[in-house]
Amino acid sequence: MEDLVITAACDGGRTWPTVVGVAARRSGALLAEEAEALSAGAAVLRRPATSVPRDDHLDALVEHDFACLAPDAAHVRATELRPPLASVAVEPVDVRTSAGEERVATLRREHVLGTVRVLGDAGAAIVGETYTTGGAWTLDLLVREGVLPPPPRATIVLGKPGGTWSPPTIDALELRVRSLPPGTVWSVAVCDPDAAWRILPTAIAHGGHVRVGWEDNPYLPSGEVAGSNGELVALVADTARRLGRPLATPARARRILGCAEA
Amino acid sequence: MTMDDLIITVAADSHHSYPSNPLPADHTRLGLVDEYVAAVDAGAAVCHLHGAATFDPASASPRPDPGAWTDFTEAIRSRAPGVVIQNGLAGMTVESKRLLAEAQRPDMMSTMCGPHDTRFARDADVGEPIDLYAAGTQAQLEGLCTDPVIARIKLELECFTCGSYWIMQRLIDRRLLPGPRFATLFLGWEGGTWTPPTLEALLFMVRHLPSDTNWNLSVMDPATAWQLIPAAIALGGHVRVGWEDNPYLPDGRRARSNAELVETVVALADAMGRTIASPDAARRIIGISATV
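Chains C and W, in that order, give the protein sequences. Sequential numbering of the first sequence, starting at 2, is according to the numbering used here. Sequential numbering of the second sequence, starting at 624, is according to the numbering used here.
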């Protein structure tokens, strides 16, 4: 089994505004959160592709989230960021924030293919963000059409409220993993506070990678809000140790995720 | 375990999925009515109709011709009394659905419940694939549930992924979607809202279904449709077949008629000891009145 790649998704201001608050999005605060997450065991930092590039001297692999950006906008951002790793939505998105705000996106085939192509041309390794089994179909299409070199990488998001919800359950995890194209490198993000800590150990034990942080679920198993992203990462790292799975360093994560050498 | 009778839905008149569908696209032609009536005679209790509509670029949705659609419906009803009429074309606007419902008085109406992102490429030799997209938001479904005309019609809730269940549950919690509900599970429909046509996926979709909900299975994939239909029959689900979903019989031959596909389902159900629902029995199970 590969070493466990922990991705820290520290920016919870958009998804959990009522819990994490807006102050946590200030770049100084986020940078401190990211540094703590790295020392707790994370190898990858997830940042919005729309954020200002930071020369932060952190030893980390950065995953820039291009989400639903159209090919033209993605091209502009990719030229500026030169991202080694980029996540892209590969199926329709219908999600809610903790404030009940609705975010809905219909993604045409040429939009998804175009954005993935642009990012690939810019040298990024692609992570397909999936909410249901639908994303697995798109990843398969991207590989078949030669837009994405195999094996694909996918994030399996579970329990995100909205019309692209998936139950945050073990059987949903199994179905999602088995639906992906063969050999796909996958990680899991669980957005349901009641279920997150029940799902992650199974993912770790079955060779998956893990994404945690305020963006996905700011709550600890006790139900209290985590004081820092580092606390959430430390819990995953501890579970991995108990299950005998070593943590990947940023350098190792680059190889696992198929990124170009730094 | 007692199980409801098996409701068979026939979906015959779409040209999106298989453009080679030999039925005329013009709904004033009698061949179409014959096709539906023969399927009802073979055991179908529900007719899923795409009816007479053109695509309206302004609203990016199908615009029905209520007069032609009503004539088509009445021609079926006169020869198949009591049969359940279910309007397809879930993507019509609320206004179009209301206009059509007032003229044609369907028993059921398909509605999106979560996003719809489908690639129709089943006839590989007939042109480019067709991609269809629609948002199917919670707000849209809520608009249908609170419309005074449409709220009286039983909705067929189109579930392409389990995301549909989240939307259903929100409306159930607010008492806007009364039971018994009727959901169709779409497996093997390619596109960004794909759910694999596997036993594992079927069991998953059934296990997580909201309460008090009848379910119906539609499989677009010819290679697996006849693997999943017996499972649906055994699990207490209902089954939809027809040229829209899969025109092929288990041995790979193209069905000569939609009735031939219905007959195959009937034969399987007979062998499994499950009774076929008559239109009247189907009305009781679905929860719609005996007459319209």
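Incorrect hints may have been included.
Partial list, computed: chain C residues near chain W (C-beta under 10 Å) [unchecked claim]:
| hint | residue |
| --- | --- |
| 1 | Glu81 |
| 2 | Arg83 |
| 3 | Val91 |
| 4 | Ala106 |
| 5 | Thr107 |
| 6 | Glu111 |
| 7 | Val113 |
| 8 | Thr133 |
| 9 | Leu142 |
Taking CB as the label site, the calculated pair distances span [unchecked claim]:
| hint | chain 1 | residue 1 | chain 2 | residue 2 | range |
| --- | --- | --- | --- | --- | --- |
| 10 | C | Asp60 | W | Pro873 | 56 to 62 Å |
| 11 | C | Pro151 | W | Met895 | 26 to 32 Å |
| 12 | W | Asp649 | C | Ser52 | 54 to 60 Å |
| 13 | C | Ala100 | W | Gly654 | 53 to 59 Å |
| 14 | W | Ala747 | C | Arg179 | 56 to 62 Å |
| 15 | W | Ala747 | C | Ser52 | 42 to 48 Å |
| 16 | C | Asp60 | W | Pro680 | 51 to 57 Å |
| 17 | W | Arg797 | C | Pro247 | 44 to 50 Å |
| 18 | W | Asp679 | C | Thr51 | 34 to 40 Å |
| 19 | W | Asp649 | C | Pro183 | 41 to 47 Å |
| 20 | C | Asp172 | W | Asp835 | 19 to 25 Å |
| 21 | C | Ala100 | W | Asp835 | 29 to 35 Å |
| 22 | W | Leu822 | C | Arg256 | 34 to 40 Å |
Residues from chain C that keep clear of chain W, each with C-beta distances beyond 12 Å, as calculated [unchecked claim]:
| hint | residue |
| --- | --- |
| 23 | Ala25 |
| 24 | Arg48 |
| 25 | Arg110 |
| 26 | Pro152 |
| 27 | Arg179 |
What the hints contain is simulated information worked out from the structure, not anything from laboratory work. For every residue, glycine included, the Cβ atom is placed at its ideal position computed from N, Cα and C.
Consistency of the hints with the structure:
1. Interface restraint check for Glu81/C: the shortest CB-CB distance to chain W comes to about 28 Å, outside 10 Å, so the restraint is violated.
2. Interface restraint check: Arg83/C against chain W, minimum CB-CB distance 28 Å, threshold 10 Å, status violated.
3. Annotation: Val91/C was flagged as interfacial toward chain W, and the flag holds, the nearest CB pair being 7 Å apart, inside 10 Å.
4. Interface restraint check: Ala106/C against chain W, minimum CB-CB distance 9 Å, threshold 10 Å, status holds.
5. Residue-level restraint check for Thr107/C holds (minimum Cβ-Cβ distance to chain W is 5 Å; threshold 10 Å).
6. Nearest Cβ of chain W to the Cβ of Glu111/C: about 9 Å, under the 10 Å cut. The hint holds.
7. A distance limit of 10 Å between C-beta atoms decides the matter here; for Val113/C the minimum to chain W is near 8 Å, and the interface restraint holds.
8. For the restraint placing Thr133/C at the interface with chain W, the shortest Cβ-Cβ distance is roughly 4 Å, inside the 10 Å limit, so the hint holds.
9. Because the closest C-beta pair between Leu142/C and chain W is about 8 Å apart, less than 10 Å, the hint holds.
10. Between Asp60/C and Pro873/W the C-beta distance comes to about 59 Å, which sits within the given range of 56 to 62 Å.
11. The beta-carbon spacing between Pro151/C and Met895/W, approximately 41 Å, falls outside the hinted interval of 26 to 32 Å.
12. Against the hinted window of 54 to 60 Å, the Cβ-Cβ separation of Asp649/W and Ser52/C comes to about 55 Å, which satisfies the hint.
13. Judged by the Cβ atoms, the range 53 to 59 Å given for Ala100/C and Gly654/W holds: they are separated by roughly 55 Å.
14. In this structure the supplied range 56 to 62 Å is violated for Ala747/W paired with Arg179/C, their Cβ-Cβ distance being about 26 Å.
15. Judged by the Cβ atoms, the range 42 to 48 Å given for Ala747/W and Ser52/C holds: they are separated by roughly 44 Å.
16. For Asp60/C and Pro680/W, the Cβ-Cβ distance of about 53 Å falls inside the hinted range of 51 to 57 Å, so the restraint holds.
17. Between Arg797/W and Pro247/C the Cβ separation comes to about 48 Å, which falls inside the hinted range of 44 to 50 Å.
18. Checked against the hint of 34 to 40 Å, the pair Asp679/W and Thr51/C passes, with Cβ atoms roughly 35 Å apart.
19. Remark: the range hint 41 to 47 Å for Asp649/W to Pro183/C is upheld by a beta-carbon distance near 45 Å.
20. The given range of 19 to 25 Å is respected by Asp172/C and Asp835/W, whose C-beta atoms sit roughly 22 Å from each other.
21. Judged by the Cβ atoms, the range 29 to 35 Å given for Ala100/C and Asp835/W holds: they are separated by roughly 31 Å.
22. Between Leu822/W and Arg256/C, the C-beta spacing of about 36 Å keeps the proposed range 34 to 40 Å intact.
23. Against the 12 Å criterion, Ala25/C stays outside the reach of chain W, whose nearest CB is about 27 Å from its own CB.
24. Look at Arg48/C: its CB is around 25 Å from the nearest CB on chain W, clear of 12 Å, so calling it non-interface holds up.
25. With a minimum CB-CB distance of about 5 Å to chain W, Arg110/C fails to clear the 12 Å threshold, and the non-interface call is violated.
26. With 12 Å as the threshold on Cβ separation, the claim that Pro152/C sits away from chain W holds: the shortest Cβ distance comes to roughly 18 Å.
27. Interface exclusion of Arg179/C from chain W breaks down, the closest Cβ pair being 7 Å apart, not more than 12 Å.
Hints 1, 2, 11, 14, 25 and 27 from the earlier list are contradicted by this structure; the remaining hints agree with it.
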